[in-house]
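> Once you have looked at the hints, place chains G and P with the ligands on chain B.
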Amino acid sequence: MIRRLWQPTHPVHTTLGLLLWALWFVVLYGGLSIVCAVAPPAAASGALTGLNGGLLLLTATVLALLAIMTWRCWRAGKAQAPGSSERFMARLGAGAHGVSALATLWIGLPVVVLPPCV
Amino acid sequence: MTDPRARHQAFEKVWGNLPGFGTLAAVNHTSIGLRFMVTGMLFFLVGGLLAMLVRTQLALPEQEIIGPEAYNQFFTMHGTVMMFLFAIPVLEGLALYMIPKMIGARDLVFPRISSLGYYCYLFGGLIILSSLFLGIAPDSGWFMYTPLSSAEYAPGPGSDFWLLGITFVEISAMAAGIELTVSILRSRAPGMTLTRMPIFCWYILAMALMIIFGFPPLILGSILLELERAAGWPFFEVAGGGDPLLWQHLFWLFGHPEVYILFLPAAGIVSTLIPVFARRPLVGYRWIVLSILLIGFISFGLWVHHMFTVGIPQLAQAFFSVASMLVAVPTAIQVFAWLATLWTGRVAFSLPMLWIFGFLIIFVCGGLTGVMLALVPFNWQVHDTHFVVAHLHYVLVGGMFFPLMAGLYYWLPHISGRMPSERLGYWGFWLTFIGFNATFLLMHLTGLLGMPRRVYTYEAGLGWDWLNLLSSVGGFIMSAGIALILMDLLLHFRFGKPASRNPWNADTLEWATNTPPSAYNFGSIPDIDSRHPLWDDPGLPDSIAAGDHHIPEIDHGRRELLGTDAIGARVREVMHIPTNSWWPLCAALGLALVCISLLVRVYPLALFGLVIAGIFLFRWSWENGAHPKAAPLGVNERTDPPLHSRTTDGPGRWGMIVTLMADATLYLSLLFGWFYLWTVSPDWRLPEETRLSTSGLMATGVLLTLTVFRYRRLTERLRAGQDSGLWPASVQTSVLALLHLGSLIWVIASAGLEPGALAHDAVLSVMLYYLLFHSLVATLASLLQSARIKLGYVSAHLPYEAIVLKPFWIYTLAIFWISYTAFLLLPLAWGGSP
Amino acid sequence: MFGFSVVVMAALYGLWWYAMRRDPGEISDQQAQRHQNRWVIWGGLALPIGSITLLLAFGIPAGHRMLPLPPAEGEALVIEVKAHQWFWQVRYPERDIELINALVIPANTPVDIHLTTADVIHSFWVPRLGGKLDTIPGRTNVLRLEADRTGDFHGQCAEFCGAGHAHMPFVVTAKSAEDYQQWLNNPDARTQGDRDD
Ligand code: HEM
Ligand SMILES: [Cu+2]
Ligand SMILES: [Cu+2]
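Protein chains in written order, with my numbering: chain B, 1 to 118; chain G, 1001 to 1834; chain P, 2001 to 2197.
If we strip away everything but chain B, and leave its shape as in the complex, we get (with noise of 0.2 angstroms):
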């Protein structure tokens, strides 16, 4: 079963990467809130705080997973006949992948920019 679900043509993959962003997504709203209500970095040091470095850090391994992830997708859905349910799924799922980690480089921009917790 677990085999199954993990082949990148099974249709779960068209959601596993938008799952991931979305999972990415709430840590990092959620992360930021929760260090900005019980231990607020100082407004002067901008966006140079330990807090932004941890975002980073966790938005780069998102990106690195996802890219993988998409690059999976991408060689299997290649290895199907054109036409193919299989094909058509793969290639879904690449997309799904490759525009969650594009949100996820974008969305994580701002945290190189901005200070944390004004």
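If you are wondering where the hints come from, they were derived from the structure by calculation, not from laboratory data. We put the CB at the ideal spot given by N, CA and C, even for glycine. Certain hints may be false.
Claimed, not checked - Selected chain G positions facing chain P (Cβ under 10 angstroms, derived; list incomplete):
id, residue
1, L1326
2, A1328
3, Q1381
4, L1449
5, R1454
Just chains G and P with the ligands now, with coordinates in the frame of chain B:
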């Protein structure tokens, strides 16, 4: 039985509604879908009337035609009626009507739930509307921000009408969401794999799932706010440790996905119509599926863009700002895929296409202002001004109303068997289109010039006067357009030219039914091997009617659907679905009684209503499986494919799991509220001593665990085909469940919480009652199941029902221990008393 | 921003109109596929991605400038504003000055408005001076404003707050540094607007 007329009559006898008043017991999706749409249109007229009143008041500066009190009720009711009583229900109705026909099914898989949904919508809508005539309508805006909507600042019953009425109406949305999801996944015609589904079904599947995950936050929020108003539980009140911003989060967690819930089906209409009129398959089917997926997910990450001015850290705002701009990507993909389809096709121009063209012009403009609004500094400037009013109408009217009208004219021949008019329809379109733009294009400017929204009047000489006057004139032109359309529709049903079969030469299966459709849609269910069955085989309607395909029999007297598997659409079972039933109406009446008695605050009556609604619902569930009214064992027993009640993975289990997903979202919203208040509420306080018995709760949890394990063993054995000792096992489960239930009640009763004083205790109490509710329902269901085992409705041969109930028990167990950890242990570790 | 939007809009309408009128002749599936890729990739991906990049490159720095970060030198002037149903109560914490529905500020100086509420949510907004910020029960929000000229600026409540919402205006008077000092020492009655309810 080869005579087509005889076949038709035999089918109608099984599938038709009851005559006369019996039609109120109808469960058929065609009837229910039409009722949803007609009721929604009537509410649209009410909402439009209110808009006209609003525009009359705003036409000139410093007018006092309508005082502020009435004005506030009018605009609040306008927004509420349009969003909750018109837009969502009409689209749901369209989906309920269309989906089975498009996927080649005879009905939805849970017909009685369609009917329940309709009555909840109707009664809830009427209750909300009545407040307007009583002059006590809600007046805090359609998003009901606390504390303005709380007992202190809105002492009248207006807010209660909103909270209770909308929650009641919401039941219908949830019902439609669950039912559409399961129907699309499990009852497509054989061979209609996911990749061969009509694109409209993808849109509706996404919409249905978004309802399932999008509505629960609002339902929870409404329950909490009503508890605050009625019982003084301070969830949103700073003095008691609550936070008004929690309401805004819960509301917009629903509110933003909501606008995409409206947009997706509308875009689905566009994607369905364009290929038909361009006479060319949709270009970029896969791209469009991708953008549907993207919209479905990304739209849940945008809600804070409605809260850019509440003082959230700017970095957090930046996340939501970028995410909001990102939805432009899937939207643009769709727009350009449509463009490419038109580009490669030879377009036949007609009335539906005109509405689509209007949609494009208006919606693109609304989308562009949307991207601007996502920009935080710009948002700080125009938020809560008439610029936003203009934007939201460009998106809602352009992105929902115009495609809806296109769809209406396109499917009108299907509903009535007549062709739409030419002349009157064109006039209606142009008046609406011109009137709309005159009203709202100028409103962008009014907003940029600084006019806030929701003001009942304004000073002369601020530069807003002539803009407002022109907006009002535009509004009346638009109403004239709508009136013309209405007239056109009325004349249509009387004088329209009869339509030929499949008059637009469409490719999808809904045009293979009779027009107007028969109650059973298809006399037999064809195999599907492409996305365009009617283009491939124009003779399909005849062979379907002649019974040349799957399940053509009717002499068994059951309503039967073909069940297929979710991905590959291989035949798995024959689903037998219920016929006309009064139970949904009765249950909805019981719930209406609950709603009304909560409004007038007669709580014993509310409890009574709840009990009778519960009784009706359980009575309804009794007529299932091998019950004589459903599919008793023996006579005409099918084996290949088997009847679904003889299997272990039928639609009921899917329905249960989808319902639990919605339920889990509600629970997660509660958890979110708990952590949210705990960390950021300005005045969060803990009670002085621990009052809830941690060990007592642990004990009742152990009992629950034993119950669920006992039940799991029972279902495992059934799955393996063994039913010896089934009844004793079921009785054991029920006894354990009763013990658990009793001890849970005791723990709650002896906890001595003070929900009226502290937000902490209030959230804790809601959590405990939530657990109690689940334990109670599971226990009652198990008790009933024991009785059904005794009667022989559940056995090795009929394992279905036991398997449907299992996920519910497991969910009950899971939320118990999660709550135990999150509400008791985690705070303890944090260093407070729970 | 508006100019760019209008161009995009006009181009789209034109293309769409042309697409509906044009007769493509016979088109094979392969050709359709090529059209698809061209339109979807350029229009559906490149166009929005490019526009958003532009918008953000402009928007994030703009937002950054509006933050109430500590100024480079000295401290920003603090004025406390408490919103009521339906009037604004203005206090100067360092002086014993209280105004209703009126603020007096020095021009060309950053001012931090500390916003609170006595009852429901309101929103403090002076369209000519900057964005709006809500007053939330239990919280203090800080809005940084700076007037770049002297004179009167019209302000009003921007968040719906009940029956009197339409009648919650106020005036911000920006004075030159000397005039402001003078005013501080002798706040005259003229600026103390009327309570309006
Ligand atoms: C028939 C043409 C319509 C006109 C002339 C119209 C007019 C208006 C006006 C003037 C307002 C602003 C009220 C205020 O801020 O004081 C408003 C608000 C609103 N309208 Fe419409 N409207 C129309 C159709 C619709 C439709 C079709 C929808 C939804 C599908 C809709 C949804 C809303 C919503 C959600 C609000 C916000 C209400 C609030 O602020 O609480 N309107 N409308
Ligand atoms: Cu939104
Ligand atoms: Cu206000």
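> Is the interface hint for G/L1326 satisfied, with its Cβ closer than 10 angstroms to some Cβ of chain P?
Holds, because the Cβ-Cβ distance from G/L1326 to chain P comes to roughly 7 angstroms (cut-off 10 angstroms).
> Let me know if the C-beta of G/Q1381 comes in closer than 10 angstroms to any C-beta of chain P, holds or violated.
Status holds, d = 5 angstroms.
> Verify the interface restraint on G/R1454: the C-beta must sit less than 10 angstroms from at least one C-beta of chain P.
Where the cut-off is 10 angstroms and the nearest Cβ of chain P is about 4 angstroms from G/R1454, the hint holds.
> For the restraint on G/L1449, tell me whether the closest CB of chain P is nearer than 10 angstroms.
holds, 8 angstroms
> Hint G/A1328 vs chain P: min CB-CB distance below 10 angstroms?
Since chain P brings a Cβ to about 4 angstroms from G/A1328, closer than 10 angstroms, the hint holds.
Against the hints set out earlier in the document, no violation occurs for any number.
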